[in-house]
Structures are given as structure tokens and as C-alpha cells.
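Residue numbers (this note's numbering), protein chains in the order written: chain A, 1 to 288; chain B, 1001 to 1349.
Honestly, the hints are just simulated from the structure, not real lab data.
Bear in mind that the values here come from a model prediction, so they are computed numbers and not experimental data.
Hints should not be assumed to be uniformly reliable.
Claimed, not checked - Here are the simulated lysine to any residue pairs, SDA-like style, with alpha carbons at most 20 Å apart:
1) B/K1176 x B/R1187
2) B/K1111 x A/P67
3) A/K182 x B/L1094
4) A/K182 x A/N256
5) A/K182 x A/R157
6) A/K182 x B/A1138
7) B/K1330 x B/S1299
8) B/K1183 x B/A1169
9) B/K1330 x B/V1304
10) A/K239 x A/P67
11) A/K182 x B/Q1086
12) B/K1176 x B/G1143
13) A/K182 x B/S1087
14) A/K182 x B/P1092
15) A/K182 x A/L153
16) B/K1111 x A/L109
17) A/K182 x B/P1137
18) A/K182 x B/H1093
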Amino acid sequence: MRRLARLVARRPGARTALLLAPGGLWLVLFFVVPVAALAAYSFMVRGVYGGVEPGFTIEHYARFLDPLYLGILGRTLALSALCTVFCLAAGYPMAFGIARSGRWKSVLLFLVILPLWTSFLVRTYALIFLLRDNGLINTVLRALGRTGEPLHLLYTRGAVLAGLVYGFLPLMILPIYTSLEKLDPSLLEAAEVLGARPLSRFRRVILPLAMPGTVAGCLLVFIPSLGAFLTPDLLGGAKGLMIGNLIQNQFGAARNWPFGSAASVVVMVVVLGSVLGYLRRRGAGAAG
Amino acid sequence: MNDPVVELKQVTKVYGPVTAVDRLSLAIRRGEFFSLLGPSGCGKTTTLRLLAGLERPEPDGGEVRLLGELVNDRPPYERPVAMVFQSYALFPHLDVARNVAFGLEERRRPKNEIARRVGRALELVRLDPAVYGGRRPAELSGGQRQRVALARALVLEPQVLLLDEPLGALDLQLRKAMQVELKALNRTLGITFVFVTHDQEEALVMSDRIAVMDRARIAQVGTPAEIYEHPRTAFVAGFIGRCNLFIQRAEGREHRVAVRPERVELRSPGAGPSGEGAAAGPGGPSAAGAVWDVVYLGSVLHVVVRLDDGTDATVALPNAGQLSHPAAWKRGDRAVLAWRSEDATVLDD
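With the hints as constraints, model all of the structure from the sequences given.
Set out below in C-alpha cells:
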């Protein structure tokens, strides 16, 4: 033990290694290994009762090119993008308002985080009570004098979108809030005295300086919503199926692990590709 | 006096329970280097922000006029002023050239005009545009940032330049150099400078006129010589340089007077006026006490005397060289302080 302490004191590299070790081991064991296994499975042969059998094939990727599956992927991408746009549209003004709310700041932040304190599953079920044919919304509409067929809100893509936006909104608000909060108010005053009207101050000062937080918020919403399966499962019905449901189904009822693995790998590649693509564009923008 | 460029008439600004500026009036002439001087919390920065439009006076809280026009409700972006902030407030995401160009871009000037004026403004503050134009603020030293902030304001060729303690963050050497440069810019460009500082020496060195502020109001306005030699209140006397407060009897009444340390003569009890050129004749005002301390300040010595009424007074003596001609005074010596009544300023309060 003493020898270790001496080694750490002498070499900063050793200290870094020691600090990284626990979390690093955890990630290797529970992230790198399973993902590698998943990638390997996607090229293997399907087992009869689930699992995989040795062999090499690309048939699972070929199968994914079926319009049915590409359609699900496309719908998932569209829903996730739409969800990100909605979260951004609702979250940016909110983060802005909280950052400028003075002594109400901590209360408002607490309220934003509050939904995260309860189970996502419970909150999604609560949405069902709100949206179903004899749910709260339709009851209120009837009480207000609306007659005829109830609005079919549940088991639509709209319901999935509403659920996703509701679930991920705090993840958009928090990072944007953090970067707006850090923004030095004297920069806005300087811009104002230099002749910048409110819109110009937003475009030329606030927007660029809050960009890191905005990007972080968008990634924090877009990436997990690509993998969402609970929300589409409970609120979407057959029309709202997303790729997460497909993957879950392949590993579950369909007992096609290699195909589920292939679909997972496709999602990962799409995520990595979009993030890297964005970062490279941003890097180029910063240099120019 | 020709029409003032900047004019405040009975301006009041209140923050909650605090009155930051209280019925303040002042007029600043074209091309003047005008300083607002006072301790922190006296309202000098609020006064500057009222001129910039970053604060508005209270309703019925007086008039702010720039170039003769009432601007009470005009936003900052429509006022003919530019401002240098205490923290410089440079845009961290823009390089030096884009920072300086910011105001011109807001005014939709043509690109080639912007490039030309940005280059000229950077040269004016002695930053080579080719070397520094592409750097980010984070890559500059404090002094260089200060210059960029100045260039960003000057490039707009404003009628009035507002400066909020712009030299506060610089070290002493740099501050002295910038004082000279700012004063020179004021002279050559003919722009009216309104300069906020809490540093009395800085205000004396740079200003054409100084407004000394105390608790939301102006205590005195005048040239550096007027402020230094004829302070009107004990606050002004104490804030600008060192000052002794004495009770002086004249025409049967007692007055509070202020006398500068270099205007007080130190004598041994019983001795007459010492030597030729003695400041105070016999029979003039005086006070007695004992030497408390002798402070070595380089060019002068300060002899601190505890007077018999319990107050302290300071006498400045030229330093004739302590190694060759040590001062005759030491702690505990009895002493008499004498001054000419024309060197004593009778205080209003």
C-alpha cells in the first residue's frame, strides 16, 4: 500500500490511471464487452430456441433492407427528430426564462427535475388515463358540450410524440439553462450599447454562446428517443412501433437474436454517424 | 459655457430601498475629460449607466440629455454614446477584429468600410491588426483586452465615450501608461470622455473636471486644482489626498478647516518661525501635540502628530535624505503645528 502511495506521488500518470481504474473497469466489463458480443452475434446464425449458433452470415443485415424495417427505422428517426425539435422549441424559452428568474431560479429548476423523481413507467401510464377515449381530455370536452365520437388520441404517433417530448424535456432544459446561466450579462449590455437590438443580441451573442448547451440538450434528447421502446409500446399501438420495439421483439417473442443484434448495430451506427457528422461540421464552423 | 454635450437635471434612480442617484445634476462640455470620482456605492457607476441607457431614471426622476436631446426613454442602441466596461465585456466567441467590427456591423456599414475602420481603430490603440486581429480575447493579456475594448468603442466615432473604471484591473505600470494614452486620445479625437473611477490620483492626473460623489449625490464639481486646494466638505477633503481637519478661530467664531499636510509647518514648542520662507507667521492659527510616528514615503516624510484634543494630524516634510540628514523628529517629541489661514479651507459642513 505504501509502495503504491509512493508511486502515485512520484508519477502523475499513475495517479490518473488510479482515478480512472474503477469506472474504466466497470465500463469495459458492462459496456464494451456486451457491445462487442452484440456486434459478433449480428453476424452469427440464429438458434432455434433463441440465442445464436456459430457461423458467419450477413443475411440479418440484408434482411434489414426490407422496406418494412427501413420504414420503422425511418419513422423512428423522424419521430426522434420531431421530438428533439419540439423539446428545443419548448425547452429553450423555458431555460431562458429560468436563467433570468432571479430568486425563483432554484424553485423552477426543482419543478423541472421533479418528474424525474418518479418512475418513467408510472408517468407513461398516467398519460394513458389522460389520452384514452374516455380519459380526462375527452371527459372535459364532453362536459364542455362536445358530442359524437370521442377523439382517438391514444395509440397514435401523436401520442408517442407527446409522451417522448414530455419524458425528455428536462434533459433539454437543464444543459441549455446551464450555458445561459453562465453567460455574463455585461456581454449583452455591451452588445446593446454597441447598437444591437433585442433580436440581434439573441442571434449574435446568446445563441452562439449557449450553443454547447443547446447541442448537449439535443443529443441528450435525440439519442435516447431513438432507442425508446416503453413510450411507443404503451402509447403507440401498432401504428407507433419504433425500432426499440422491433429490437425488443426480436430478443423476446421472435427469438431472433442475430437480427435483433443487427438492428441494434444499425441504430448505434446511425447515432455515432449523426453525432460525429455534427461535431465535424461544428469543428469546421469554429475554424472558419 | 457653450451647450453641454451631456446633461443631467435632478436625476433620481432608486433600487428597492436604496436611492442610488439622488436628484443629481451635472453638465459636461464638448471634448471635456470629465471624471466621476467616489467610493464604491456612491452612485458613480449608476450615473454612467443612466447616460448609456442601461438604467432609466425614475418616472418624474429628472432629465437625461445627450447633445441637447431628451433621451430618458431612448434605449442604449439608439444613443450617440459608446462604453468601455470594467470587465471589458469582450465577446469570447469572436476574434479581436469581429469584436471591434460588432458595432459597425449592427449599423450595416459596407464590408470594406468596416475592415478599414477596424484596422484604423486597432492602430489607434496600438495593436497591430495583422498580429492581433485574428486572436480570441482569451488569448490576450489584460492590457491587450483593455485596448480591444477601447478600440471597439472608438471605432464607432461616438460623441461621448463612457468609461467604467477601465483601468481598475491593470497593474500599476500599465495603468500609468494607459492614463497618459487615454488623455491623449481625448485630446486628439475631441470626443467627450466620462470616466468613472474610485482612484483619486487617477482622477486628478487625467481630468479636466471632476465630480466627487458621496452617497448618491455630487459633493463637489471642479478642476483638479479646485477640488484639491479648496475642498468644500470634509468628505471631499478626506477623499482627495490626505487632509488635516482643524478647528480654527476667526472673528470670534470657530470654523472647521481643512489643511493639506504639505501646508502645515512643524515647530518645536517655544521656537519662532523657522528660517526663511516660513509658512506661518507668529500669531497665526496653530495646534499643539506630540509626535506619534514618522512615516517614510520616499520623496516625503509624514510626521503624524497626536494633538492634545486627541485627533491625529499629518505634516509632510521634504525628504532631505534620511541617511545623510536624518529627520530631527522622533516619537514623543512635543510639537506645534502652524499654518497660514489662506491655506486653510473652511468647510461647509
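Hint check results:
With a C-alpha separation of about 17 Å, the suggested pairing of B/K1176 with B/R1187 holds against the 20 Å cut-off. A hinted pair counts as satisfied when its Cα atoms are at most 20 Å apart, and B/K1111 with A/P67 does not qualify at roughly 52 Å. As the CA atoms of A/K182 and B/L1094 are separated by approximately 17 Å, the hinted pair is consistent with the 20 Å bound. Restraint check for A/K182 and A/N256: the C-alpha separation of about 49 Å exceeds 20 Å, so the hint is violated.
As the CA atoms of A/K182 and A/R157 are separated by approximately 37 Å, the hinted pair breaks the 20 Å bound. Restraint check for A/K182 and B/A1138: satisfied, since their Cα atoms lie roughly 16 Å apart, inside the 20 Å limit. Taking the CA atoms of B/K1330 and B/S1299, the gap is near 18 Å; set against the 20 Å cutoff, the hint holds. Taking the CA atoms of B/K1183 and B/A1169, the gap is about 18 Å. The hint holds against a cut of 20 Å.
Of the supplied pair hints, the one linking B/K1330 and B/V1304 holds, its CA atoms being roughly 10 Å apart against a limit of 20 Å. For the proposed pair A/K239 and A/P67, the alpha carbon gap of about 16 Å is at most 20 Å, so the pair holds. For the proposed pair A/K182 and B/Q1086, the alpha carbon gap of about 18 Å is at most 20 Å, so the pair holds. Proximity of B/K1176 to B/G1143 is assessed by CA-CA distance (about 12 Å); at most 20 Å being required, the pair is judged to hold.
A hinted pair counts as satisfied when its Cα atoms are at most 20 Å apart, and A/K182 with B/S1087 qualifies at roughly 15 Å. With a CA separation close to 12 Å, the supplied pair A/K182 and B/P1092 stays within the 20 Å bound. Of the pairs offered as hints, the one joining A/K182 and A/L153 is violated, with about 41 Å between alpha carbons and a cut-off of 20 Å exceeded. The suggested pairing of B/K1111 with A/L109 is violated, with an alpha-carbon distance near 44 Å, which exceeds 20 Å.
Between the alpha carbons of A/K182 and B/P1137 the distance comes to roughly 17 Å, so the proposed pair stays at or under 20 Å and holds. At roughly 14 Å between alpha-carbon atoms, A/K182 and B/H1093 fall within 20 Å of each other, so this suggested pair holds.
Hints 2, 4, 5, 15, 16 from the list above are not met by this structure, while the remaining hints are.
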